[in-house]
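Chemist: Next come the chains, spelled out residue by residue.
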Amino acid sequence: MRQLVSTRVPAAAVSRRQFTQGIATGALLLSPLRALSRGGEQRSGTVLTGPDFDLTIGETRVNFTGRPRVATTVNQQLPGPLLRMRQGDMVTLRVTNRLPVRSSIHWHGFIVPADMDGVPGLSFAGINPGATFVYRFRVNQYGTYWYHAHSRFQEQTGLSGPIVIERHGGERQRCDREHVIFLSDWSDADPEWIFATLKRQSDYFNFGKRTVGDFFADAHAQGLNAALANRRMWGEMRMEPTDLADVSGATYTYLVNGATPAANWTGLFQQGERVRLRFINGSSMSFFDVRIPGLRLTVIAADGQDVEPVTVDEFRIGTAEVLDVVVTPSAERAYTIFAQAMDRSGYARATLAPQPGMTADVPPLDPRILLTMSDMGMAHGRMGHMGQQSAATPEMPEMKPAADSRSRSAGPAIAVPQSESPSFGPMVDSVAENVSPRLDDPGPGLRDNGRRVLTYADLHTLGGPIDGRGPGREIELHLTGHMARYVWSFNGRKFSEAEPLRFSLGERLRLVLVNDSMMTHPIHLHGMWSEIEAHDGSFLARKHTVSVQPAQRLSYLVTADALGRWAYHCHLLYHMEAGMFREVVVARADLSPRGNHG
Amino acid sequence: MKLLVRVLLLGASAACRLALGEAQTGNAPVSQSEHVPPEPPALEIHDMTSRQMTAMMEMNDAAPLGMLLVDQLEGGYGNGVSSFGWYAQGWYGGDYDKLWLRTEGEQLAGSTENARVELLWDHVFSRWWSAQSGLRHDFQPGAARDWLALGVQGMAPYFFKIEATAYVGDAGRTAARLRAEYDLLFTQRLILQPELELNAYGKDDPAAEIASGLSDLQLALRLRYEIHREIAPYIGIVWLSRLGGTADLARSQGKEVSVLQAVAGLRVWL
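Residue numbers (this note's numbering), protein chains in the order written: chain P, 1 to 598; chain R, 1 to 270.
What the hints contain is simulated information worked out from the structure, not anything from laboratory work.
From a predicted model like this one, the values you see are computed outputs, not experimental measurements.
A couple of the hints might just be wrong.
[As the list claims (entries may be wrong)] Ranges between beta-carbon positions, derived for each pair:
hint : chain 1 : residue 1 : chain 2 : residue 2 : range
1    : R       : L150      : P       : A189      : 36 to 44 angstroms
2    : P       : R452      : R       : L99       : 51 to 59 angstroms
3    : P       : D190      : R       : W129      : 31 to 39 angstroms
4    : P       : N128      : R       : L99       : 50 to 58 angstroms
5    : P       : L224      : R       : L73       : 32 to 40 angstroms
6    : R       : A176      : P       : D190      : 56 to 64 angstroms
7    : P       : E171      : R       : L270      : 48 to 56 angstroms
8    : P       : E171      : R       : F160      : 53 to 61 angstroms
9    : P       : P363      : R       : Y158      : 51 to 59 angstroms
10   : P       : P356      : R       : D183      : 46 to 54 angstroms
11   : R       : L192      : P       : P363      : 32 to 40 angstroms
12   : R       : D183      : P       : E171      : 50 to 58 angstroms
13   : P       : D190      : R       : F160      : 27 to 35 angstroms
14   : R       : A207      : P       : A189      : 49 to 57 angstroms
C-beta atoms are modelled at their ideal positions from N, C-alpha and C, and glycine is treated no differently.
For reference, chain R alone in the conformation it holds in the complex (with noise of 0.2 angstroms):
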C-alpha cells in the first residue's frame, strides 16, 4: 500500500513538472529534494474589491484609531498665588491623516491666561513630522480671539518633541507659539520632563492685555511616576513669566510680571 502511494506520488510529481513545462534538461542537477508541487487550486476564491478581501482577510492596516492624552492637569502655588493649568490633546485619524484637539491653558490668581482650543488638520509630510493647520480659539480675559492655526509638530533630532504653529487672526493680527519638551528616564517609571514653551504675537492687543514681540515664557519641570504608562502622577515646578511689552502692560496694572509655582498633577492618556 505504501509503496502504490509513493509510486503515485512520484507519478504526480513528475506529472505536475511535465506540466509546469519545466522536464529537466541536460545538465540540470537532479534534485534529492523529494519536493513535490502542490496541485492547482481546486477552487478559487471569487472576485472582490480590495475593501472586500481585507474585510475577508480580518487585516486592515489603515484603520483610524483614537488616543487622548492629558499631558498636564495640575495645581500650583508659588510667590503667593496659586494657580490651576491644563494641557491636554486628542487625536483621531489613520497614520498619514488625523483630526487633531488641542487644548491648554492657566487660571493664575483666578484669571485665565493663555486658554485656548485649537482643533487642526495633522498631516504627516516627513519622517518626523506632520503639518497642522486649522482653527485657534482664545478664552482669553477681556477678549476672545479667534486664528487661523499652520504650523508643524514632530521629533526633532535628540527626541525633543516640538510643536510650532503660526496664527493669523481677524484685524491683521498674528502670533506664534513654540513648545519643546523631553523626556529624562531616570527609571523605566520616574521621568522627568523639561518644557519650554513661548508665545509671540505681531501686533499690541491691548484688550488681550497683549503688546508684540514675545509675550511669555512658560519654563517647568515635572517629575512624573508611571503607575502605569496610562496613569502618572507628577510633580514640579513652573515659571511662568511675561516679557516685553506685555510684562509693561502687566506691571502699569500692578500685576505680577513672573510667577514661580510648585505644582502637582496628573498625567492620562487612554
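Just chain P, with the same shape it has in the complex (with noise of 0.2 angstroms):
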C-alpha cells in the first residue's frame, strides 16, 4: 500500500529541485490513456496472486516532473504489479499487448525453457500489437525477482514489475513483516532520443565533469605537480574521471515503488519487528548506492538465493540486481531509505515509519566519485600499448580438483571454439594493463567511506554450488567499449560482428569476464546461474546478474543444462543496445549447434 506524504514543492514551472525530487503527487496521476475521462484512476502497488496471472501491457498517462508524460505499463502502474508465486507452482502469465507496436516480458532470473523466457528473436517472436502469449513454466526457485520488457526501450518507459516466489517449507528467515523496494529511473525524454544523443555526444549527460576551478583545488590540496600529473594521464587517455554514468540525474528522477523522492514511498513497521526489505535494482542505466541511516541491513538473499546472513550498513546494488535485507528498527522514528545514483547525481527515497506520514532527515549526496588509475587499470601511471595484459595478469583461481571430470565435463565434444580472442580494435578505447578479481573491493567510491560496505566477498549462497564438477573448459571474455563513439562489446565485437559463444549441453564451465573499460557492467546470463568464485576457486555465491568493476577481472562457473538459445548481456540498456550483447547457444554434444546469428 502506497502511503502518501505532502511535501512542499515549488508551484512554479518545472524547477530544477522539482525535476530530481518530482513531485509529491506524481506516482498518483497514473490513469489509463484510453479512459482519461475517468481520470486520476489510482491503481499501485498491486499485488497479484499465483498460479495464474492476467497481465496487459499498455501505455498510461503519468507525471512525475510536473510535465506529463506517457509510459509503457503492466496493467496501468509503474512498477508494475507485484507477482506473487510459490515455489513449486506451475503458473500460467497471460500477457495481452496493448501497445501500437511489439512487447514482450522476460522473466528475470528465472529457470524456465527456453521458449518462456521472453527475448524476441531468441525465444519467440514477441508478442504482436493486440496479440496474447500465454507464458506457462513450473517455478521451481524462490526469492525476489523481477519482469520487464526486452523490446527495444521498453523497460525505461516503466515496464518492469517485481516478484515474490515464497520458499516451499517457509522462509528460512522468519520476518514479521515485508516490503518491496523497487528502485527504477524515470526520464521525461525519449530513450530513442537519449540513445541517440548519448551516439552524438556521449558526455552529454554528466555534469560534474572537472573544471578548472577543480584543477586549482587539487592543486592547492595535492600540490601543482601532482595536479598536473594528473590531468596529463587522463588527458593522455582522453577519458573523463567523473564518468561513472552515462545518464544522469540530469534526466532521470530516481524512483521507489514510482514514487519520486517527493512523493516520499513509506513502508510501514511496528516498533521491534523484523522487516524483510526486497530490493530489486530495476532501473535501467542506474548503479544505486543504498543505506538507511540509524539501522544495519542485515543480507540474507543475493538475486533471489539465500546467503549467510551478513550485516552492513550499507550496499551497492547494480542494474537487474536483486538484495533481501532484514531491518529491525528498534525506535518508534521514521527511517529514510537513501539510494543515491552511483554518479551523485540524484537519489531515490523512501520512508520507514511506524506512522503513514511521518518522515526522517535525507541525508546530503556523497561528493562526487573520481575514478582513480587503478579502476583504470594502469600499472605504472600510463597506459600505452594496445596488447593484452602480460606481466600484469593476475594469478588465476586455482582450478578444483577434477574429481568427477573424466567423462563429458573434461571437454566439449563438439568443436567448440575454446575461446575467441578479442579483438582490440578501432571501437575500444581502452584495455585494462593491470585487473585483478578484487572480489572484496566495494567498488569506486565506497572504498574506506566510514561505512561497511557490502562486497561480492561477503556473498556466501546457502546449499553451496548447483553443480559440485570443476569447470571442463574456460571462456575469457573482455569487457569493452568506446566512450566518447558510445560503442559497447565483448571481445571489442559487437553483437552484429559476434558469433554466438557455443555451450554443449550439460558441461561446466568457467567464464571469466576482464573489465577493460571504465564502466562498471551488470553482466547477465538468461537461462543459467552464475556461480561466482573467490579467489580460491571456491564457490562464493550464486546470482544471475555480475557486476564487474572497472580494471576487475572476475569469473564464475556456469552449468550448461539449458538447452536452447540465450541472452547474455550487460544490462544497462544503452549498453545492450550499443552491442553489449551476445547470443548464448547450448545444444547437444552430438548435434551440430543451432543459433542462426553471425
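Hints in hand, dock the two standalone chains.
Modeler: Have a look at this one:
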C-alpha cells in the first residue's frame, strides 16, 4: 500500500529541484490513456497472486516532474504489479499487448524453458499488438526476482515489476513484515533520443566534469605537480574520471516503487519488528548506493538466493541485481531509505515509519566519485600499448581437483572454439593493463568511506553450487567499449559483429570477465546461473546478474543445463542496445549447434 | 498436494539429470541447491537471417544516425571592419563510416574569405582517428576552386580536437589545412574554446589572392554558455592574419593584413 506524504514543492514551472525530486503527487496521476475521462484512477502497489496471472501491457499517463508523459505499463501500473508465486507451482501468465508496437516480458532470474524466457528473436517472436502470449512454466526456485520488457526501450519507459516466490516449506529467515523496494530511473525524455544523444555526444548527461576550478583546488590540496600529473594521465587517455554513469540525474528522476523522492513512498513497521526489504534494481542505467541511516542491514539473499546473513551499513546494487535485507527498527521513529545514484547526480528515497506521514532527515549526496588510475587498470601510470595484459595477469583462481571430470565434463565433444580472442580495434578505447579479482572491493567511491559496505566476498549462497564439478573449459570475455563513440561490446565485437557463444549441453564451464572499460557493467546470463568463484576457486555466490568493476577480472562457473538459445548481455540498457550483447547457444554435443545469427 | 508437487519436482529433476547424462558419480559433492534445470523448449523459433533476427529483437547496434553541428555562427567587429563567420559540420552514418559535410567561411568588410564546403567519406581507422576523403569546393573571390581532399580528424591526447587535411586541385595546385580546438570548462556550462586554424598553399594563385606557403592563420577564443547542451550563445575574440606572400599580396592591394574582431554568436547542434 502506498502511503503519501505531502511535501512542499515549488508551484512554478518545473524547477531543478522539482525535476530531481519529482512532484509529491507524481505517482498518483496514473490513469489509463484510453479512459482519461475517468481521470486519476489510482492503481498502484497491487499484488497479484498466482498461479494464474493476467497482465496487460499498455500506455498510461504519468506525471513525475510536473510534465505529463506517457509510460509503458503493466496493468496500468509503474512499476507493474507485484507477482506472488509459490515455489513448485505451475504458473500461467497471460500477457496481452495493448501497445501499438510489439512487446515482450522477460522473467529476470527465472530458470525456465528457452521458449518461455521472453526474448524476441531468441525465445519467441515477441507479442504483437493486440495479441496475447501465454507463458506457462514450473516455478522451481524461490526468492525475489523481477520482470521487464526485452523490446527496445520499453523497460526504460516503465515496463517492469517485482516478483516474489515463496519458498516451499517456509522462509529460512522469519520476518514479521516485508516490503518490496523497487528502484527505477524515470526520464521525461524519449529513450530513443537519449540513445541517439549518447551516440552524438556521450558526455551529454555528465554535469560533474572536472573544471578549471577543480584543477586549482587539486593543485592547492595535492600540489601543482600532482594535479598536473593527474590531468596529464587522464588527458593522455582522453577520458573523464567522473564518468560513472552515462545517463544521469540530468534527465532521470529516481523512483522507489514508482514514487519520486518528494512523493516519498513509505513502508510501515512496528517497533522491534524484523522487516524484510526486498531491494530490486529495476532501473535501466543506474547503480544505486543504498543505506538506511540508523539501521544496520542484514543481507539474507542475493539475486533470490538465500545467503549466509551478513550485516552491513551500505550496499551498492547494480542494474538488475536483487538483494533481500532484514532490518530491525528499534525506535518509534521514521528512517530514510536513501539510494543515491553511483554518479551522485540524484537519489531515490523512501521512508520506513511506524505511522504514515512521518519522515526522517534525507542525508546529503556524497561527493562525486573520481575514478582512479587503478580503476583504469593502469599499472605504472601509463597506458600505451593496445596488446593484451601481459606481465600484469593476476593469479587465476586455482582449478578445483577435477575428481569427476573424466567423462563429458572434461571437454566438449563438439568443435567449440575454446575461447575467442579479443579484438581491440578502433571501437575499444582502453585495455586495462592491470586487472585483479578484488572481490572484497566495494567499488569506486565506497572504499574506506567509514561505513561497512557489502562486497561480493561477503556473499555466501546457502546450499553450495548447483553442480560440484570443476569447469571443463574456460571462456574469457573482455568487457570493452568506446565511450566517446558510444560503442559497447564483448571482446571488442558488437553483437552484430560476433558469433554466438556455444555451450555443450551438460558441460560445466568457467566464464572469465575482464573489464577493460571504465564503467561497471552488470552482466546477465539468461537461463543459467552464474556461480561466482572466490579467489581460491571455492564457491561464493549464485547470481543471475554479476557486476564487474573497472579493471576487475572476475570469474564464475556455469552449468549448461538449459537447452536452447539465450541472451547474454550487459544490463545497462543503452550498452546492450549499443552492442554489448551475445547469443549463447546450448546444444547437445552430438548435434550440430543451432543458432543462426552471424 | 504440495508434497506431491515436491515429489514430482524431484522426479523431474532427476530425470533431467539422467537425460543430460550427468548422473552424479563417486565423490562429486551432492548439491544442496535445489536447482532444477529447465525443460527443453517446446517450441523453437524458426530459422531467420541475422537481419530478420535483429529486426525481431528491435536491437540494431549498427543503425545509422545523423548529427548537425553549427559550431560557429557569428558576427564580429574590430579594426574598423565588421565580419560574419560560420563553421558547421553534419554527418550521417554508422560507427565506422559516415558521410561528412563541412562548411566554413568568413566575410570580412564585405569580401568573402576562406569560404568552402567539403563533402567527405569519414572512415574510422583507429581508436581516436578517422580518415576523411572527398571533395572541397571554394567560393573564393575571383576564382572558385575545386579540390580532392584527404585528411584525418580525431582527438589528440589532452582532448585536442584536430582536423588535418591535404588538398590537390587542378593545374597542380595543392593546399593544406590544420584546425585544432579545445574545451576548457570553467563550470559545467561555461566553456572557453581556444581555436587555431592554419591554411597553406603549394602554388601562387593570384586570382584567389593567394601566394604559396602559409597563407593565413586564425586564432580565436570563444566563451560559450550552454543553456542546453545543444544551444550555446557565445562571445569571443578572433584574430585573423594573412601570412607570408599572401600578406604581401594583400598589402599591395591596400587590404588589411590582419584584423582583430570581437565576435558574438551561437553554437547549435541537433
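Chemist: Against each hint, give a clear statement of whether it holds in the structure.
Modeler: Evaluation of the provided hints:
Here the CB-CB span from L150(R) to A189(P) is close to 39 angstroms, well matched to the stated 36 to 44 angstroms. Restraint check, R452(P) to L99(R): a C-beta distance of roughly 55 angstroms satisfies the suggested window 51 to 59 angstroms. Between D190(P) and W129(R) the Cβ separation comes to about 32 angstroms, which falls inside the hinted range of 31 to 39 angstroms. For N128(P) and L99(R), the Cβ-Cβ distance of about 35 angstroms falls outside the hinted range of 50 to 58 angstroms, so the restraint is violated.
For L224(P) paired with L73(R), a C-beta distance near 38 angstroms keeps the hint of 32 to 40 angstroms intact. Separated by about 43 angstroms at the C-beta atoms, A176(R) and D190(P) break the suggested range of 56 to 64 angstroms. As the Cβ distance of E171(P) to L270(R) is approximately 54 angstroms, the hint placing it in 48 to 56 angstroms holds. At about 59 angstroms, the CB distance of E171(P) to F160(R) agrees with the hint of 53 to 61 angstroms.
Roughly 37 angstroms separates the CB atoms of P363(P) and Y158(R), a value that falls outside the hinted 51 to 59 angstroms. Taking the beta carbon of each, P356(P) and D183(R) are about 49 angstroms apart, inside 46 to 54 angstroms as hinted. The hinted window of 32 to 40 angstroms between L192(R) and P363(P) holds, with their beta carbons roughly 35 angstroms apart. A beta carbon spacing of about 55 angstroms between D183(R) and E171(P) agrees with the range 50 to 58 angstroms that was offered as a hint.
About 34 angstroms separates the C-beta atoms of D190(P) and F160(R), a value consistent with the hinted range of 27 to 35 angstroms. Between A207(R) and A189(P) the Cβ separation comes to about 52 angstroms, which falls inside the hinted range of 49 to 57 angstroms.
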